[in-house]
Amino acid sequence: MIDKEWLPEGVERCSFGKFMVWIGFLGVFVLLGVYASYVVWSTGLITTGLNNYFAFGLWIVFDLAVIALGAGAFFSGFLTYILRIDQLKNIINLAVIVGFVCYSGAMIILTLEVGQPLRAWFGYWHPNVHSMLTEVIFCITCYLIVLIIEFIPIILENRKLNKIRFLHHLAHNFHVYMPLFAGIGTFLSFFHQGSLGGMYGVLFSQPFAYREHFFIWPWTFFLFIASAIASGPAFTMLVATMMEKITGRKLVDFKTKALLGKIAGSLLCFYLFFKILDTWYWATDTLPKMGLTFSQLYNEVYGTWLLWFELGLCGVIPAIMLIVPKFRNQPGLLYLGAFLACVGVVVNRFVFTVQTLAHPVMPFDTWTVYVPAWTEWMTCIEVTAYCILIISLSYRYLPVFPQERKLNS
Amino acid sequence: MAIYKLKEFKIKWGMVIDLDKCTGCGACMISCQAENNMAPMPDATDKLYSMTWMLVYRLSNGKPFPDHDIAYLPRPCVQCGNPNCVPVCPVIATTKDEEGGIVSQISPRCIGCRYCMAACPYRARYFNWHDPVWPQGMEKTLTPFTSTRPRGVVEKCHYCHHRFKAAKEKARYDGRDPNKLDEDDYTTACAQNCPTGAITFGDLMNPEHKVAKLAKSPYAFRLLERLGTDPQLYYMSKREWVRRQGDNYLEHEPTKGV
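If you read the protein sequences in the order shown, they are chains A and B.
Counting the first sequence from 1 gives a position; our numbering is that position plus 267.
Counting the second sequence from 1 gives a position; our numbering is that position plus 193.
With the rest of the complex left out, here is chain B (with noise of 0.2 Å):
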């Protein structure tokens, strides 16, 4: 389907979110908002002007009481093997690099052309509509590993970059190598701070990692997978229904899983 190849990477970090496990909380929200530095919307329950790197949406199966089901699905950007935001920005603002397979955002180069959200099915990448204003106070809580971003630019979620970075340095100052981080020496703040539990950070490509095994698990699925994206970030759960609304199923198709 893609015009573009997939390049392959040595290291890709990647995600799995059980969905059987998630509350819904907004934890993993708020820990993103913190953690890179956003800065509080005028209205931040408007969604068409929200900044939220992660989202939580609530699935519903549709069915009346008492056979109602409902399901809480995290959405950080998915991070495409295939991504169609990067060919087609115009100015090299966002690229897919040997750093994890992360796609990353380049804030200063950034024209605002938003031709990036357009492309993106996930709508996973949030255009800066205000200029970030602090509350007198709270600029003390800023982080000083993520650079703030000015009005007119688009962001989105890198796996809090700055983290690996950070991995990686002291990685190399306990003599370890960089290219081989332990599970625990990177991870994102919404998975640290998920109470449940139900968002696992790792290497994709390394099978001591728990993402490996769990990416394989047969109640795994990936976001609008037949679109090519080739998504980081997998989904589990056990509930068919669910795993129904990961893509765009026909009616007489049949869902992955058991």
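This is chain A alone, in the form it adopts within the complex (with noise of 0.2 Å):
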């Protein structure tokens, strides 16, 4: 092995060519998106499937989802380091990865994304303090950072790197302080996640998306809040499971997963019940005063079997699931349930974004389909490909997780 003397101690990993294969693998589909984001970037938005309706679509989509995923970041990090729960620090090395490669990829996204990209810093120099994505804009680059500066003590326990007296002062320093950013970050997220939710709450002229307030915040404001830190420790415990079936070795104890599962269970019993009482008040007070019923948001493509998918199979059946221990101690149910949570909030994610611009909501205008074009399809693959890229990077190099070498003695 070249590599060896980079490797953490006492572990095995699979050999230097296997992994450049890998890694190759991977570059494949990092370079087909970095030639899509070079078609987006040179001959504009007219080679998505955007258009005067939908204004927003996948890249949307793909970076409210992969924001509510990675969600697991920081939430774990308030559990670990704030609450103080032991036992997720078996985990949340991980959960930091996840969630800067997450973030980072739903930055890369977002280049893309605006018409202008070389104006994106207008989002500080000119704030509209009444915009929730300046708020986003605000929080999601500035947590960027704290994910980094989190990120940053992992990479220097690199076992070479380590090696360097600074260096290893260094990351002793920053664990020190962690808890400070995991503060940040906390709060950071917190906002940026209910604003994301918040961004469409407060469309008052789109009925598909516009919620009742409470002061300036919209219910969607919380529903996204809560779905997001009750899928997101789902999602980081699925990452684990996924790395411990490529590679065959023992990361994670089930009793950490089953803890994750179980709070993702608790906080998506709390999300739906209250995104239950949403729907049934959005249902039956806010579209009678606009005019609208129920069953007019729903047409033959974008049907009620979405709600029903997303609240039923993806919503009440997971948080059953998980919340039941007799379920949640089985390996299949635990990884069903929280593979059911993660789905469940990219349909919510999906139809806030694509439903909310499908209906027509002047009388005489019609419903609108929108399908993604190769560009915006590949360079989600290609950020999908990015994020396995820096785990599959962290995983060989850095001590990720604690417990790895006891699993599998």
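Hints are not guaranteed to be accurate.
No farther apart than 27 Å at their CA atoms in a straight line, the calculated lysine-lysine pairs in the DSS-like style are these [what the hints assert, rightly or not]:
{"id": "1", "chain 1": "B", "residue 1": "Lys203", "chain 2": "B", "residue 2": "Lys361"}
{"id": "2", "chain 1": "B", "residue 1": "Lys373", "chain 2": "B", "residue 2": "Lys289"}
{"id": "3", "chain 1": "B", "residue 1": "Lys431", "chain 2": "A", "residue 2": "Lys556"}
{"id": "4", "chain 1": "A", "residue 1": "Lys556", "chain 2": "B", "residue 2": "Lys449"}
{"id": "5", "chain 1": "B", "residue 1": "Lys363", "chain 2": "B", "residue 2": "Lys373"}
{"id": "6", "chain 1": "B", "residue 1": "Lys205", "chain 2": "B", "residue 2": "Lys409"}
{"id": "7", "chain 1": "A", "residue 1": "Lys285", "chain 2": "A", "residue 2": "Lys512"}
{"id": "8", "chain 1": "A", "residue 1": "Lys556", "chain 2": "B", "residue 2": "Lys409"}
{"id": "9", "chain 1": "A", "residue 1": "Lys356", "chain 2": "A", "residue 2": "Lys285"}
Hints listed in this document are in silico derivations from the structure and should not be mistaken for laboratory results.
Take each chain as given, in its own frame, and dock them per the hints.
Next comes the structure, spelled out in structure tokens:
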């Protein structure tokens, strides 16, 4: 092995050649995505499936979904460093890495998504304090910086790097201040997760998205936070399990996974209670005020099946699977429950983005259907490949899982 | 319904479009495109990517012949009193200000996030999908009073705001009060070029202006009024089924008007 001395001590890794084949495989998708990005930047958004009706599409769904799924980082950080749930230390490094790749991936997509990427900094220069998107821009960029700060000590703990005295002490000092960054991350994340939901809830002229509000925050503000902190830990646990399946090694003990499942399940129950209330109020009060009925907001393509799929199959069922110990303690059901919860949050982000715009608000307008173009698909695949690439490199060279040696001895 | 409170202005430029007079000829669309320096689209028939600040919709009563009836509904930006697009813009590229309550768009500041497009239920905001290219020689037809916009920004109707500025300048030159313009001092290109006179333009707050009276007609209505956007664009029709298509009425709900 060429890179043997860079690997964490006492762990087994595949051969360097095999790893390179894997990296090369991911690299192909990254390069294809880079080409798609070049096409978008050079010829504009006309090369996407977006149009005058669908201002938002796959990219925004992808962004919202990965940001929700990446919430495991801030929420696990909050539970570990602020609430002092020590058991989560077994997975906190992975949670940070997953959070980092999710957020940096979302930033990559955002550079494509805005029509004038070179003006993206205007969000800081001409901020509109009334806009939920301004808050998202502020929090998301600041939180990415926090995630980088949280990721640095993990990198510095690489076996070879840690031998350098200065880096060793730097990593140690980063660890000392980590609760502070976990606190800042929690604060920032809390607000931008909410603002992402608020972005839709304040659209008072879009009946599918609009929600009543508490002070300046629409209900979607709170619902997006709740759904993100429910699905984020579930996603982190799934990533760990997936890594175990791929590498054939035990990385996190089942007790920790079950704890994450329990946390996700409890929060999912909390979220669903309010989400169902919110949906009922929206259908019976908000819509009639706008002169609409529940059935008018759904059509053959974007049907009510999406709602039942989101709240039933990917809501109530996984909530039961994760909250009841009998089900949660069976690995298969735990993973299935976590998977369904993650799918549920993706569907939620999809309907808020696409169905909101597909529904014709003017009585004489028509329903429209959105089909993403290859450029959108390819860039999303690129970012997914980038995420897997970073996680693969981290797994190989960094001490991500403190239990790995013990579990495999 | 809306979160943000309505701002009232002393001058509120508005429009009344008589749908019973509109023949759907599209002169308003063309004059708008010429007046506001819109480059020809590769395929202007494709509504999904076209750039038409003024769009003419075809309304139908849905009945079979001989009871079938149609109406044409020209739709510029409705210049909401309480616009959803303004508070959502992260960079204040769109504002509603003292300039007669016109919702303006600041192209050099727009980052192209299209949140305003998502917020507008009238689909009155358009994204610049293409680089604006004028065929050779056609660039000579550009008006120097309206800036051209690059690819990647959102744009919209602003009631030919440059004409408003010119009218105020002329009033100052003539020694008149620029805040008390006569009805004929300022009009939009679409209103000026409508062959049937279906479009009337003026100050909704000035009782001497025709629009102020027409807006109070029992046949007048506004698009999606109950959403709380408070448009400065009024429509008129004596046909009940047309007024009914102005907003989402439930079956049992009566429409406005006679």
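> What hints, given by number in increasing order, does this structure fail?
Replying inline: Of the numbered hints, just 9 does not hold.
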